[in-house]
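Trainee: Chain by chain, the residues:
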Amino acid sequence: MMGDMRQETADILQEMDILRLVDHHCHGVLPRDLGRSDFEGFLTEVAAPSPLGGTLFDSQIGFALRRWCAPVLDLEAHVSPDEYLARRAALGAAEVNRRFLAASGLDGLCVDTGYTPEPLLEPAELGELAGAQGHEIVRLEDLAEKVLADGVSASALPGEVRSRLAVRAEHAVGAKSIAAYRVGLELSGERPSAQEVKTAAERLYRQAERALAGGSGPPRIADETLHRFLIWSAVDCEMPIQFHIAYGDSDVDLHRADPARLAPLLRELEPTNTPVLLLHNYPYQRHAGYLAQVFKNVFVDLSLATHNVGHRAPAVLAELLELAPFGKVLFASDAYGLAEHYYLGALLFRRSLGRFLDEGVAEGAWTRSDAARVAHLIASENARRVYKLDDADQ
Amino acid sequence: MMGDMRQETADILQEMDILRLVDHHCHGVLPRDLGRSDFEGFLTEVAAPSPLGGTLFDSQIGFALRRWCAPVLDLEAHVSPDEYLARRAALGAAEVNRRFLAASGLDGLCVDTGYTPEPLLEPAELGELAGAQGHEIVRLEDLAEKVLADGVSASALPGEVRSRLAVRAEHAVGAKSIAAYRVGLELSGERPSAQEVKTAAERLYRQAERALAGGSGPPRIADETLHRFLIWSAVDCEMPIQFHIAYGDSDVDLHRADPARLAPLLRELEPTNTPVLLLHNYPYQRHAGYLAQVFKNVFVDLSLATHNVGHRAPAVLAELLELAPFGKVLFASDAYGLAEHYYLGALLFRRSLGRFLDEGVAEGAWTRSDAARVAHLIASENARRVYKLDDADQ
Amino acid sequence: MMGDMRQETADILQEMDILRLVDHHCHGVLPRDLGRSDFEGFLTEVAAPSPLGGTLFDSQIGFALRRWCAPVLDLEAHVSPDEYLARRAALGAAEVNRRFLAASGLDGLCVDTGYTPEPLLEPAELGELAGAQGHEIVRLEDLAEKVLADGVSASALPGEVRSRLAVRAEHAVGAKSIAAYRVGLELSGERPSAQEVKTAAERLYRQAERALAGGSGPPRIADETLHRFLIWSAVDCEMPIQFHIAYGDSDVDLHRADPARLAPLLRELEPTNTPVLLLHNYPYQRHAGYLAQVFKNVFVDLSLATHNVGHRAPAVLAELLELAPFGKVLFASDAYGLAEHYYLGALLFRRSLGRFLDEGVAEGAWTRSDAARVAHLIASENARRVYKLDDADQ
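Residue numbers (full-length UniProt numbering), protein chains in the order written: chain A, 1 to 394; chain B, 1 to 394; chain C, 1 to 394.
A portion of the hints provided could be inaccurate.
[Claimed, not checked] Derived contacts from chain C toward chain A, CB cut-off under 8 Å, selection only: (1) A103; (2) D107; (3) A260; (4) H287.
[Said to hold, decoys possible] Derived Cβ-Cβ restraints for the label pairs, each shown as a range: (5) C:R87 <-> A:S37: 55 to 63 Å; (6) B:A77 <-> A:D251: 47 to 55 Å; (7) A:T272 <-> B:D249: 16 to 24 Å; (8) C:Q195 <-> B:E224: 33 to 41 Å; (9) A:K388 <-> B:E83: 50 to 58 Å; (10) B:A90 <-> A:H376: 45 to 53 Å; (11) C:R203 <-> B:A194: 14 to 22 Å; (12) A:D249 <-> B:D390: 51 to 59 Å.
Keep in mind that the hints were calculated from the coordinates and are not lab data. Cβ coordinates follow ideal geometry from the N, Cα and C atoms, glycine included.
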């Protein structure tokens, strides 16, 4: 009996290995080669390793990379970091990117193109390498900061932002807010009035003038009213809206990026039927699952965390799936810089979801066919429905 | 050796199946039949499914219901939602309620009677169906709002609340505060003075007058002073006090309902020896366990979450039991509307506690006889002691 | 194949049993004998058991103690609490302390000497019993409160604190802040100016005068500026700084002691290369792991929780190790009062780390040799590097 169950579950895991995924939140990868320190700087959310703490390869993601990525570069699993990086350099960035993207088994990518401190592959290039359609996600703050940098006047800024966004919305499949990084998630639910937006825009211009006078570049948007203005502008364009939640680099105040703090805004967004996608969520995956249950338009993922927690990914995903209805959970890698992130994110997610569904079948919690149906929902169908990707593909 | 251990643990799980429980926090169930959309609306904490997110049957609770509840209605486990609901309708609400309550294996119920947007079964009716004693829990805000609706003057309100509560306390076994829903849990520890209560009551009356003038009904109590007044009134009546904590519907701000925020109040309540019962707690079950350890009068449960997280219930319960002393943990379902909640809550709790104790025996963490003793503490003895149910039964 | 893996993992667990640990955060133990109520009062973080909640032996730590500590006192595992305490009394505190410290397998102890409501063994005494070097950690608030009690003037206090700390820093290996207990962890990142410190010192003196006039003792430091002053004074002495985080007794407001709240201060401390050690962290171990990843100078442990959660310790440690790089994790017991805490902390930590590394080998997440290397990092090498213990030993 137990033997039969294990047999059946092994089948599910095998099937998961070929289950194609839509990666609904990711970034470009570097077209250049990387030395060891540089590579470690892109591996996790700290910019570089430190002598105090030792190599970042000694971590869950470091071990996951040596185990799973090495074979893609024709190496034995668990080779040393230096052997791995030597082989990576010998193959060259283009070939490395090609191999990992191709091996990720993706069926679609929604790429945030708004964070490019250095050149990264574009959505179309990523899509080509992956053998999948590459879509664009508009980072709202980046769009507004470009309007500011273009010298548009304070009074014209709101209109210009809205009109540029409307143009982008013709092709982009969604928008993204990084309010969490700038002011935290305790945003008012109210749509700001035209006067409030005007006042906030003037505030931003005075900041910009001071910055210019001080010799620094244009300021970043970090203003509760302006973040809300951007969000409601995206609502008006009928764009699904992604929110950076919780886990990120040291610029974020983790507790101020707890998704629970979004509740007042979510209450106002629910009647608009705008899909809201809570990204990352770690370590608040249970809070996010709660929001996905109680708000009709809230969706969740476990991006960034999935590859960073390595072989603990199944334990973390299982927590997200406690309250979140299975029609509200999506896959995303949040890959950035390293093509390995795409591959690890997809592989660890498949294994985690497979393990979860597997154990449920083994315990009799659901049937084999229900498990397969849920796998497809989470792997790609939920993303296709939310972002209307089948329309976008045409 | 390993074989012997498994043998022994299997015995514990079997014994758990017949372990009778006191459900110290629950509500009435609907006496009427339900269509699919209506049923889904009572299944979880969102009022209805949405086309965006798909059916709520695709969730942990949905699968748990198809697995465990279907056989109680003479169906195969895992029948489709529509087959389940057709059989449910054919049997009729009265028979369905009878079957689930009878199958729950309860030895007592403490029913919150203060939330009835539509008619629900009363404590005595529930008790009769369950073959157990039904007790009442007084919802404090509901009692005060009824005093307000009865047109008592502002100056008389505090006295009238206290006197009605004293009458209710003769039969009810405890009180419940829903401050978490209204103002969050960051309550001052101080007992409000008569003058502060008077001022707050006058504030409430002005709200009521405005509401009346505006054509809406009497206001809900959402006033830090009044919630505290109600809590201290219950202390004076020597009633155990339940607190809504964390998980609930979208009206609650989850992070403001973190039980840790109650600490200032708990410090003041501890010397009074008033039992304080922290309900639900998910996803803050570890925070709640901490409070149960460090405050002599604090008790905890995992109600509502137990049936909502389905086959993950053992993982969540194990977290509650990390710090909470085993003399401070109670069972509750928080069943509401659907009789299935009673059955699933009890069944999943038994399985979770059985698994927990089981694994401890298998690892040698405790003996078989200690495990059995702890099972009885948590299943019913702690509740009997806290609520003095043996006195109440007479 | 599976058999081989289990064989291999069994080896790791066996090796862990003899893996010596540096306990980087602990306290003295009592030299006196204890009755049952007294013993229960030192067992967990509540000062005494209560009739309402039953004995504290019915808890994870209680069962862990009966299982693991009884054999050290020549008893069968799982003897009753009374049998255990009778044997403990018969052996006497000196012998009991000797046995547990000797059996803990420690290679070094960093003892916080700043909390001694009654006489406790000193670092050198503890070290002698453990067969290891005992080091001192200076509790910053205790040092400053002693300066205050010595009647130094307000204007001289800052200088006197700094000069006493410099003297202590010659031998002590680190400093500790308990700001979490006094004002919470939402500390500004800025180094306070001399003027701000002067003003705060004067405030403290006025408090002290009022306290004296009122007949009470000198006040405790609970002033955001003074806590920061103490922290920056330790930075200037190049001392690693420990922070009390989260789990402790009922004096702490758990949510205000969330390590995420330290981010503004951590951003300022990072460029100084001062090691920052986040103690306990439960139930925020994942938040702490995040900080250990994104800040170069942040280190984490799971002290106090490890022995309190008993056989759940492996589950909790695995969460800490999701994001925390393995070069940033340390062992500590936070033993206080009872020598059993030392033994349980060390034993449960070894088992937890062994289980974690074990399962990784079994799943192929890392190799046997990498696991052994990580075990030594976390057991002692990280502590030696951070506190420069090899220098201190000379």
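Trainee: Regarding A90 of chain B and H376 of chain A, is the given constraint of 45 to 53 Å on their beta-carbon distance met?
Mentor: 32 Å, violated
Trainee: Indicate whether the distance between the beta carbons of A77 of chain B and D251 of chain A respects the range 47 to 55 Å.
Mentor: 50 Å, holds
Trainee: So the hint says 33 to 41 Å: do the beta-carbon atoms of Q195 of chain C and E224 of chain B match that?
Mentor: Hint holds: Cβ distance 37 Å, inside 33 to 41 Å.
Trainee: Using the C-beta atoms of D249 of chain A and D390 of chain B, is the stated range 51 to 59 Å upheld?
Mentor: Distance hint for D249 of chain A, D390 of chain B holds at roughly 58 Å.
Trainee: Could you see if the CB distance from T272 of chain A to D249 of chain B stays within 16 to 24 Å?
Mentor: Holds, at about 19 Å.
Trainee: Does A260 of chain C meet its interface restraint, that is, does its C-beta lie within less than 8 Å of any C-beta in chain A?
Mentor: At about 4 Å, which falls below the 8 Å cut-off, the nearest Cβ of chain A leaves the hint on A260 of chain C intact, so it holds.
Trainee: Holds or violated: 14 to 22 Å for the Cβ distance of R203 of chain C and A194 of chain B?
Mentor: Between R203 of chain C and A194 of chain B, where Cβ atoms are some 34 Å apart, the hint is violated.
Trainee: Holds or violated: 55 to 63 Å for the Cβ distance of R87 of chain C and S37 of chain A?
Mentor: For R87 of chain C and S37 of chain A the Cβ distance comes to about 57 Å; the hint holds.
Trainee: Look at the Cβ atoms of K388 of chain A and E83 of chain B and judge whether their distance stays inside 50 to 58 Å.
Mentor: 32 Å, violated
Trainee: Are A103 of chain C and chain A close enough, Cβ to Cβ, to be under 8 Å, as the hint says?
Mentor: 30 Å, violated
Trainee: Hey, does the H287 of chain C contact hint survive, CB to chain A under 8 Å?
Mentor: 6 Å, holds
Trainee: Should the interface hint for D107 of chain C be scored as holding, given a Cβ-Cβ cut-off of 8 Å against chain A?
Mentor: 19 Å, violated
In this structure, the hints that do not hold are numbers 1, 2, 9, 10 and 11, in rising order.
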